[in-house]
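Peer 1: Here's the letter readout for the chains.
Protein chains: 2
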Amino acid sequence: MSTRYLLLAEGFSGDPHYGKTMRGVLRYRRDDVVAILDSTRAGETEDGVPVVGTVEDALPLGPTTALVGVATQGGRFPPAWIDLLRRCIANRLDVENGLHVFLSDDPELSALAAERGVELRDLRRPPADLSTATGANLDVDATIVLTVGSDCAIGKMTVSLELDLEARQRGIESVFVPTGQTGMVIAGWGIAVDAVVADFIAGAAERLVVEGRERGGELLWVEGQGSLLHPVYSGVTLGLYHGSVPHLLVLCHEAGRTEIEGAGGGPHPIPPLRELVDLHERLALPARPARVACIALNTRALSESEARAAIAAAEAETGLPADDPVRFGAEKLVDAVLAAGP
Amino acid sequence: MSTRYLLLAEGFSGDPHYGKTMRGVLRYRRDDVVAILDSTRAGETEDGVPVVGTVEDALPLGPTTALVGVATQGGRFPPAWIDLLRRCIANRLDVENGLHVFLSDDPELSALAAERGVELRDLRRPPADLSTATGANLDVDATIVLTVGSDCAIGKMTVSLELDLEARQRGIESVFVPTGQTGMVIAGWGIAVDAVVADFIAGAAERLVVEGRERGGELLWVEGQGSLLHPVYSGVTLGLYHGSVPHLLVLCHEAGRTEIEGAGGGPHPIPPLRELVDLHERLALPARPARVACIALNTRALSESEARAAIAAAEAETGLPADDPVRFGAEKLVDAVLAAGP
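Chains as they are written, first to last, in the working numbering: chain A, 384 to 725; chain B, 384 to 725.
FYI, nobody ran anything at the bench for these hints, they're computed from the structure. For glycine and all other residues, C-beta sits at the position ideal for the given N, C-alpha and C. Please note: incorrect hints may appear among the correct ones.
Computed Cβ-Cβ distance ranges for the label pairs, DEER-style [stated by the list, open to error]:
#1 A:P510 to B:P462: 19 to 27 Å
#2 B:A519 to A:A463: 38 to 46 Å
#3 B:G571 to A:D488: 46 to 54 Å
#4 A:A497 to B:A497: 23 to 31 Å
#5 A:R387 to B:D661: 51 to 59 Å
#6 A:L444 to B:P654: 52 to 60 Å
#7 A:A494 to B:D522: 55 to 63 Å
#8 B:D488 to A:E556: 40 to 48 Å
#9 B:L662 to A:A699: 22 to 30 Å
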């Protein structure tokens, strides 16, 4: 039986930042989603998917699996969620969880899952045999493209997925390489690099590009994480950068955003795009120089004419091709990547 | 009873890189070390400490605690070590372990430890309540100085310890902030930031500078880790940098070293010092600009005249004060830090 998801997004389904797992799955696995659970919006729909108020209300729709669709900062469970998860398990739903807290470590939930014969899958649980990077990444015979960004939650995963799709439609042996829980749900493999032991970040990224090649990829689109100047997540960003040894970078930015969001103690201004391009290129390993091939702008907050103007401005500032691949298609950015390298 | 260490360094006691935990403890807690265990050098001495071939040979010297003094890449235990640890426990020694593999997770060793009434202390086990950084680091009312470096294992911890000692001798309320297992053994507190969940690196660093202030520090010397362009460990380096929010950096370099060591797939050349200064300053958070205050050179491989020439060359290249604080004293670099800021 194929997976049919109930997305758990209690209290968060309308929030563009904290609901990003839900949004990603809705966009790329829409056909496998039967309902969204959010009691604050019960009876509404989201992208045509019914929003329900309780687990029991979702059951007639035939879900097989409850997916934790909320990515709270630090990955902790709000206490009220434990009740919700208990009800999912009691109703014989498997649970996929992308948070840093592992459901299978909870004795009560594990016991209940065993009793009901359901599986608790902790997507962020790292492979047990992970270790430090070895240098095998530099031997991967593929063009490696990493999305990087001016902030978190601005669409790096989406850009990687859209560019991969466009490349595959052109007949290229292209593979999306998932590095976070949402990408893993969408692609069905991967490692959440933000959840590994800190010393093993580059090792995890290395393993992912090696596996991307083994899966047939000649063009690998590595899902980026965080941002180089993000006060909270920059370590993951740089470890992923160096461990995935990209030849090319796609710099993602939300048009109009001037400050990093969700970090305390600020203000945390975002530097100009041309400085970000330079900073990223200078931080490449000498053993694997990397260039920024193009700029992916997220223009969701703008009108179409404003979006076109923002794209033109980004091109003028950086001298690189720019576009919003979600809004205007991925052709231009894929062209830019293919023209750039490796 | 105070701790009396038997340093376990089987096969590694003569190796300057892999024996760095041992060397740090010998330098800064010499009086608490009764013996070194390394069967390949039994009967010799190291810094005046007897080297023994077996645990049993060390017992007449009265150790209370065996310390794993080897930092292998990736932190795994060589299999032969398990036997050695079993013998330590059987002989009623506590064990302190700085590797990524936790002794207390081993059912057999744990059972044996319980039976013998000894403690297994895994120094790299992160605090259970760690999470992401909050911004509280920016409120720490102290001058924060982080050591950074052109490579691993070139003496960042030693430089932090020497500069802290010099500052305390001048009557400054100065505190060394340990971020790795050796620093933790020396100072008796800290978090091994390379062992936390990757998303929590900056959170761990933040907690450490907050605690450094709580311990009375008005001048905090944060022990650096890794290197920004290290293919394996750079993620930890940047997360520690952004999470500890230093006002000032001390750039550490081994004179004459031109390549990063211990990383596969190279060559991995080290950029010129002036480029490293610039790269580090550009990577500071906009909310906490940081300047490199001075250069700490490790000149152990050079003659005294060569060392003086290397120091002069580093000053000429960077325009910053430089010295080898281990060889020539920490006065000059502490002067440079006090003159620089915050």
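Peer 1: None of the hints should be skipped; say for each whether it holds.
Peer 2: Now for the hints, and whether the structure bears them out:
Hint check: P510 of chain A to P462 of chain B, Cβ distance near 20 Å, so the stated range 19 to 27 Å holds. At about 26 Å, the CB distance of A519 of chain B to A463 of chain A disagrees with the hint of 38 to 46 Å. A C-beta distance of roughly 30 Å is found between G571 of chain B and D488 of chain A, which places it outside the suggested range of 46 to 54 Å. Restraint check, A497 of chain A to A497 of chain B: a C-beta distance of roughly 28 Å satisfies the suggested window 23 to 31 Å.
Taken as a hint, the range 51 to 59 Å holds for the pair R387 of chain A and D661 of chain B, whose Cβ atoms sit roughly 54 Å apart. Evaluation of the 52 to 60 Å hint for L444 of chain A and P654 of chain B yields a pass: the beta carbon distance comes to about 58 Å. The given range of 55 to 63 Å is broken by A494 of chain A and D522 of chain B, whose C-beta atoms sit roughly 43 Å from each other. The hinted range of 40 to 48 Å is satisfied by D488 of chain B and E556 of chain A, whose Cβ atoms lie roughly 41 Å apart.
Distance hint check for L662 of chain B and A699 of chain A: the Cβ-Cβ separation is about 27 Å, which falls inside the suggested range of 22 to 30 Å.
Checked against the numbered hints listed earlier, the structure breaks hints 2, 3 and 7; every other hint is satisfied.
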